[in-house]
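*Asks:* For the sequence shown, our numbering gives the first residue as 4, with consecutive numbering after it.
Bear in mind the hints are in silico, worked out from the structure with no lab data behind them. All clues stand as given, with none of them false.
Derived PhoX-like pairs: lysine-lysine, alpha-carbon spacing no greater than 25 Å straight-line:
id, residue 1, residue 2
1, Lys189, Lys153
2, Lys27, Lys154
3, Lys27, Lys107
4, Lys153, Lys98
5, Lys82, Lys9
6, Lys154, Lys189
7, Lys153, Lys27
8, Lys27, Lys98
9, Lys82, Lys107
10, Lys154, Lys107
11, Lys153, Lys107
12, Lys189, Lys27
13, Lys113, Lys154
14, Lys113, Lys82
15, Lys98, Lys154
16, Lys113, Lys98
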Amino acid sequence: MTLSQKFERALVYASVVHAGQIRKATGIPYIAHLLGVASIAFEYGADEDEGIGALLHDAAEDAGGAARIDDIRVRFGEKVATIVEGCTDTLETPKPPWRERKEKYLAHLKETDASTRLVSAADKLFNVRSILRELRQCGDAVWARFSGGKKDRLWYYRALVTAFRQHGDHSDLIDELDRVVNEIEKFACA
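Taking the hints into account, I'd like the entire structure generated from these sequences.
*Replies:* Here it is in structure tokens:
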């Protein structure tokens, strides 16, 4: 697949929207996460719009709310906007409590389309790989930086695997997500 100028525009857009943001407690520019999620999505068969959705999946939640989704719809089309909206766990400010948001997101996954699930699963895989790497480097201190802490994070990632499996699509991606979650669970019990 050859990516078009639309993808290039989305990359610039993501860079501007997330300028100055960093990943929790790592100092890593946030754009690295977005590029990683897009890379995983492409590895598991994403088309260009799904790749763009991966680049922009946090744009509404982190920077602009519903107006951001409307802007994405105008700039990049309905499919991309649907993916971004589907990957967003809340547009409320201030955000509701962490557990409440995650329970709603898990219920919401039942209604999402395959493209949204692909990008969401790619996002979750990137996140659990990051957690696993940090667990290996820092041990249980990693959990202190997350809302919900260790117990709730483990619950959430296991529940995501179960929710994604209910659809029967993206099985290779979900298998990899499951494998990494299993490794995290082993670390957590050690």
